[in-house]
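Undergrad: Assemble the complex: chain C is given as a structure, and chain U must be docked to it using the hints.
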Amino acid sequence: MSATGTTTASERTATTAGRASGARPPRGRRATHGRPRRSTTLTVVMTLFLVYSLLPLAWLFINSTKTQDALLGSFGLWFSGDFALFSNIADTLAYDDGIFVRWLLNTVLYVVVGAGGATVLATAAGYGLAKFDFPGKRAVFAIVLGAVAVPGTALAVPTFLMFSELGLTNTIWAVIIPSLISPFGLYLMWVYAQDAIPTELLEAARMDGASELRTFATISVRLLVPGIVTVLLFAVVATWNNYFLPLIMLNDPALYPLTIGLNNWNLQATGVGSTPIFNLVITGSLLTIVPIVVIFLLLQRFWQSGLGAGGVKA
Amino acid sequence: MVLSPHRVDVNIPWAPKRRTEKVMTTQSPVVPASTAVPSARRRPPSTGRRGRFAGWGFVAPFMVVFALVFITPLVYSIYLSFFRTRLVGGTSFVGIENYLRAFSDAQFWESAGRVVLVLAVQVPVMLVLALVAALAIDSARLHASGFFRIVIFLPYAVPAVVAALMWGFMYSPRLGLAGNINDFVGAQVLLPLAPEWLLLSIGNIVTWEFLGYNMLIFYAALRTVPTEIYEAAALDGAGQFRIVTGIKIPALRPAIVIATIFSIIGTFQLFNEPNILRSIAPNVISTFYTPNMYAYNLSFTGQQINYAATVAIIMGVITAVIAYVVQLRGTRSDVR
Numbered sequence: 001m002s003a004t005g006t007t008t009a010s011e012r013t014a015t016t017a018g019r020a021s022g023a024r025p026p027r028g029r030r031a032t033h034g035r036p037r038r039s040t041t042l043t044v045v046m047t048l049f050l051v052y053s054l055l056p057l058a059w060l061f062i063n064s065t066k067t068q069d070a071l072l073g074s075f076g077l078w079f080s081g082d083f084a085l086f087s088n089i090a091d092t093l094a095y096d097d098g099i100f101v102r103w104l105l106n107t108v109l110y111v112v113v114g115a116g117g118a119t120v121l122a123t124a125a126g127y128g129l130a131k132f133d134f135p136g137k138r139a140v141f142a143i144v145l146g147a148v149a150v151p152g153t154a155l156a157v158p159t160f161l162m163f164s165e166l167g168l169t170n171t172i173w174a175v176i177i178p179s180l181i182s183p184f185g186l187y188l189m190w191v192y193a194q195d196a197i198p199t200e201l202l203e204a205a206r207m208d209g210a211s212e213l214r215t216f217a218t219i220s221v222r223l224l225v226p227g228i229v230t231v232l233l234f235a236v237v238a239t240w241n242n243y244f245l246p247l248i249m250l251n252d253p254a255l256y257p258l259t260i261g262l263n264n265w266n267l268q269a270t271g272v273g274s275t276p277i278f279n280l281v282i283t284g285s286l287l288t289i290v291p292i293v294v295i296f297l298l299l300q301r302f303w304q305s306g307l308g309a310g311g312v313k314a
Numbered sequence: 001m002v003l004s005p006h007r008v009d010v011n012i013p014w015a016p017k018r019r020t021e022k023v024m025t026t027q028s029p030v031v032p033a034s035t036a037v038p039s040a041r042r043r044p045p046s047t048g049r050r051g052r053f054a055g056w057g058f059v060a061p062f063m064v065v066f067a068l069v070f071i072t073p074l075v076y077s078i079y080l081s082f083f084r085t086r087l088v089g090g091t092s093f094v095g096i097e098n099y100l101r102a103f104s105d106a107q108f109w110e111s112a113g114r115v116v117l118v119l120a121v122q123v124p125v126m127l128v129l130a131l132v133a134a135l136a137i138d139s140a141r142l143h144a145s146g147f148f149r150i151v152i153f154l155p156y157a158v159p160a161v162v163a164a165l166m167w168g169f170m171y172s173p174r175l176g177l178a179g180n181i182n183d184f185v186g187a188q189v190l191l192p193l194a195p196e197w198l199l200l201s202i203g204n205i206v207t208w209e210f211l212g213y214n215m216l217i218f219y220a221a222l223r224t225v226p227t228e229i230y231e232a233a234a235l236d237g238a239g240q241f242r243i244v245t246g247i248k249i250p251a252l253r254p255a256i257v258i259a260t261i262f263s264i265i266g267t268f269q270l271f272n273e274p275n276i277l278r279s280i281a282p283n284v285i286s287t288f289y290t291p292n293m294y295a296y297n298l299s300f301t302g303q304q305i306n307y308a309a310t311v312a313i314i315m316g317v318i319t320a321v322i323a324y325v326v327q328l329r330g331t332r333s334d335v336r
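Those protein sequences? They're chains C and U, same order as listed. Heads up, the first sequence is in this note's numbering, so the first residue is 1 and it goes up one at a time. Heads up, the second sequence is in this note's numbering, so the first residue is 1 and it goes up one at a time.
Just chain C, same shape as in the assembly:
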């Protein structure tokens, strides 16, 4: 326990969540007492951070509205020529018999099964570690935490060789199975479950004769929801953005996720003697980030509070 151990996770959650949804926690009130005034200078300085964060995204949007000719011959940060966004989107979706749509569906499949499975496994395991004593628990900790320090990509080559022995390479399972493990998710759930579920509650359920699984499914899961959503979001982002794993595991374009497909288009665009399709690469990139950004914005209340719990204990 750190020095901040006196505040419980639920209190912290409430604070951060309340903050995000606009409610004023006690600290905000200091401003109304007039002590730290809102500073225009600070706001202006921080605007530099905003510009930096938004610049490439603005560039991407602006340039996805240009035709290929305008793309090559105009200033990057302003609109030029016809507003071609919709025809670019249509071209992106139709190119090569609609392979982009295929990649999008593949990505969704990898995300739903991979990230969904990762969340289920991490939630159960984090709960088990936080709320039970069992032989070998310390060893589980040591192994999982130790493994986090090993570069994931260091395992890529042997994983590839193993999967190829098992006949799994170039199948969807080559991408899904490794995505099922999220050590960060396990860690976050462990920290979160420790504070979110009172041990007395579990004991009461046991006295009632409820099985451990039933207690977990009916009581504990409900208390863990903010943590679960956080783990799910980070797993979704990791799977949606995964590049290295599918790069080594797949060579059939019909199985590619968006990231690999986009880079292949990019290679085609820059390759010697090929047809450049810069406008498709740019529009495809825009279409790739829109869903994930929307998910993040919609669920920000959850991940901000969930990450708060994890970051603090670290």
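Derived by calculation from the structure, the hints in this document are not laboratory data. Note that the coordinates shown come from a computational prediction; the quantities given were computed from them, not determined experimentally. Heads up, the beta-carbon is just placed ideally off N, CA and C, and yes, glycines get one too. Possibly wrong hints are sitting among the right ones.
Not close to chain C: a few residues of chain U, all C-beta gaps over 12 Å, as computed [unchecked claim]:
| hint | residue |
| --- | --- |
| 1 | Leu-87 |
| 2 | Ser-92 |
| 3 | Ile-96 |
| 4 | Glu-97 |
| 5 | Leu-100 |
| 6 | Asp-105 |
| 7 | Gln-107 |
| 8 | Glu-110 |
| 9 | Arg-114 |
| 10 | Val-121 |
These stretches of chain U come out as covered by chain C in the derived footprint (C-beta under 8 Å, 3 or more residues) [unchecked claim]:
| hint | region |
| --- | --- |
| 11 | 68-79 |
| 12 | 300-313 |
Here are some, though not all, of the chain U residues that point toward chain C, as calculated from beta-carbon distances under 7 Å [said to hold, decoys possible]:
| hint | residue |
| --- | --- |
| 13 | Ala-54 |
| 14 | Gly-55 |
| 15 | Val-59 |
| 16 | Ala-133 |
| 17 | His-143 |
| 18 | Val-158 |
| 19 | Leu-165 |
| 20 | Ile-276 |
TA: Just chain U now, kept in the frame of chain C:
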């Protein structure tokens, strides 16, 4: 720990009332409350052989998949690193020969040196910027701080592939901003893809991707500092600067340690950004630009899987050692 039924009731106000009552009613008729109930509570009913292993039921599914995708490949790659496969003669045990080769391999050390340079320059810059952003957003002196927080975090959601493609386009002299600026000035002042600038350009992409993520880790830690401490400090006449250096930064120490460790691991694995930029700067980015690219190219284009495994293991060990040292130094004076 002896828990009376009343204690249970007090501690969990949101637990259904019915449930607690039921606990008492089912228990009391059967056994004398004074003796049996506390002992039953000290050792919950499930503490038999089944109970001792109940935790494993929740942890086992994770551990099975973990063993398959983490531990087995790790053991396998250690095994591979002690062998060599030749076209003629097949696979043979070579002891530590692969390791000796790596230690005298100029390409390997060049790539390792490059990520160490990134670690020494890019990581501190990124973490300091993230710290500044977190302190500013936490300071209550910023207009629309919630908006700043979400926008600065946004790049984290962008796939590394898209980030590298976007910045790559912006860097490129053909259709990029760099080209626009050079045309405007009338001289080649901005050459992000030139050999001397490329590493910096890659560092910029990585900073852009992870600045907000680290900012959020710091911000979350700042939110847990009790307000009363600031108020007491202010009453004692401490200025904002003193509060930041005296209270906030020490409170952030564990968060800084964890962010540093994540950054070390991420930097040593640098792969996506240089590998994608390679298509627009093929003459600058070699096949051994980072250790990870080296291992990848050794195994997938060079067919040297044993040596690739060796390179990966050496980098893994270096990463783990540095992360461990940071952890030790960072938590030295902690309560924990």
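Undergrad: Are there hints from earlier that the structure breaks, and if so, what are their numbers?
TA: Violated hints: none at all, because every hint is consistent with the structure.
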